[in-house]
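Colleague: Using the sequences and the hints given, assemble the complete structure.
Those protein sequence lines, which keep their order, are chains A and B. Residue numbering for the first sequence follows the numbering used here, beginning at 1 and increasing consecutively. Residue numbering for the second sequence follows the numbering used here, beginning at 1 and increasing consecutively.
To be clear, the hints were calculated from the coordinates, so they are not data collected in a lab. Hints should not be assumed to be uniformly reliable.
Quick partial rundown of chain A residues pointing at chain B, CB under 10 Å, derived from the structure [what the hints assert, rightly or not]: (1) TYR28; (2) THR31; (3) GLY47; (4) LEU49; (5) TYR50; (6) LEU52; (7) GLU57; (8) VAL64; (9) ILE66; (10) ASN68; (11) ASN71; (12) ARG72.
What follows is a set of in silico ranges between Cβ atoms, one per label pair, in the way DEER data are often shown [unchecked claim]: (13) B/TRP167 to A/ASN68: 29 to 35 Å; (14) A/ARG95 to B/VAL7: 38 to 44 Å; (15) A/ARG95 to B/TYR205: 56 to 62 Å; (16) A/THR45 to B/LEU53: 20 to 26 Å; (17) A/SER92 to B/VAL107: 45 to 51 Å; (18) A/PHE97 to B/PHE169: 47 to 53 Å.
Glycine is no exception: its CB is placed at the ideal position from the N, C-alpha and C atoms.
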Amino acid sequence: MNKSTLYKGCLEAILLQLLNENSRMYGYEITQKVKELTKGELRITEGALYPLLHRLENDGTLEVEIENIGNRVRKYYSLTKAGKKEKTQATSELRNFIETLTLLVKPNFITEKS
Amino acid sequence: MHQESPVKLSPEQIEALFIFCKQHKVEYYDVQLELVDHMAASIEWEMAKDNSLSFESALGKVFKSFGYKGFSGVLASRERIMTQWYGKQQWKIFLSYFTWPKATLTVMIMAVLYTLRLWLSLSTLKYVIGGTLLSLIFLELILLMRLKKGTRAPHTPLLMLKRARLWNFQSFILINVYFSILNGKRWIFHDSDSVAHSLNAYGYYCFIIAFSIMVVMLLAVYNVREKVNRMAEDKYPGAYEPAE
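Modeller: As structure tokens, then:
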């Protein structure tokens, strides 16, 4: 099964969690951080990341700072107050989702596989 | 904080990335800006990892990571979001004319038109309706001139300003909507011998409400245009600098 399809629904929670831990991040940094944390298992594509960032900015979950970094301009994203609340909710929903999935695939699924 | 690559792109290479965006149908500076930074950061790391990699080859590799849709997916989502954002801003300003302190203006327009009803006969009031509708066009001309005088056009187009710099005549649209919904033309152009078509008190009160809404809508449209133009100048000064 395609891994990215499995991760697709969790992208928002992952992104909010990352921004909560790193205070502010820019697009490329997010893709690299996810790659690094998951040891290359999960790769967020640009085509999925930017539409999500833009939607969350419009919803008021994220705020943007534009900074000149020498030879170009960079857009940094950070969580707003509402975004921090949203993050807590998204993380708990993700946790519930993982627990439900574990029930569905049976608790001994991982040991069976290995 | 993310570590920066030891390789730094030159201003010419950054300029080449802006041109690359334009070649891939991304004309708007506010969209280009983010794509250029993403591509530049990615290229810098690719070139740092492999010394023999040229800028052009690294660019090709990075562009592939945007998938088969290229930039079009990012651009389409940004356009959709900006349309929603603009609509939200306009609605917020429109509603503010029904809350204190801006509501005083709305109440004043209604009060003046209502007072005229007490002084003038219905046969005279139909000329008042025609005159006030015409004044909507003059009001728009004043707002338009004020906006043109007070704002600058960017050298590179901004998606944020796509709707804020549309020079269409909103007053004509509003008057047309008034005529179609309330069939308001009958109250201006028909003679009083036809009871069904001549202006009555109900028709005049409908006009008062409709006209107040039309003025407020027109003000909201131009308030938003002014506000968004100012925001764009603050947020994206680079778009206002002449291209070299």
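Colleague: Is the hint on A/THR31 kept, meaning its closest Cβ partner in chain B is under 10 Å away?
Modeller: A/THR31 check passes; min Cβ-Cβ to chain B is 8 Å, inside 10 Å.
Colleague: Holds or violated: is there a CB of chain B closer than 10 Å to the CB of A/ASN71?
Modeller: holds, 5 Å
Colleague: Given A/LEU52 was flagged as interface, is its beta-carbon under 10 Å from a beta-carbon of chain B?
Modeller: holds, 9 Å
Colleague: Let me know if the C-beta of A/VAL64 comes in closer than 10 Å to any C-beta of chain B, holds or violated.
Modeller: holds, 9 Å
Colleague: I want to verify a distance hint. Is the separation of the beta carbons of A/PHE97 and B/PHE169 within 47 to 53 Å?
Modeller: Check passed, 52 Å falls within 47 to 53 Å.
Colleague: Tell me if the beta carbons of A/THR45 and B/LEU53 are separated by a distance inside 20 to 26 Å.
Modeller: Holds, since A/THR45 and B/LEU53 (Cβ atoms, about 21 Å apart) stay within the stated range.
Colleague: Taking the beta carbons of B/TRP167 and A/ASN68, is their distance inside 29 to 35 Å?
Modeller: holds, 32 Å
Colleague: Identify whether the interface hint at A/ILE66 stands, where standing means a beta carbon of chain B within less than 10 Å of its own.
Modeller: holds, 6 Å
Colleague: Holds or violated: is the Cβ of A/TYR28 closer than 10 Å to a Cβ in chain B?
Modeller: holds, 4 Å
Colleague: Given a hinted range of 38 to 44 Å, is it respected by the beta-carbon distance of A/ARG95 and B/VAL7?
Modeller: holds, 40 Å
Colleague: Hey, does the A/GLY47 contact hint survive, CB to chain B under 10 Å?
Modeller: holds, 4 Å
Colleague: Holds or violated: the hint that A/GLU57 contacts chain B, with Cβ atoms closer than 10 Å.
Modeller: holds, 8 Å
Comparing the model with each earlier hint shows no violations; every hint is respected.
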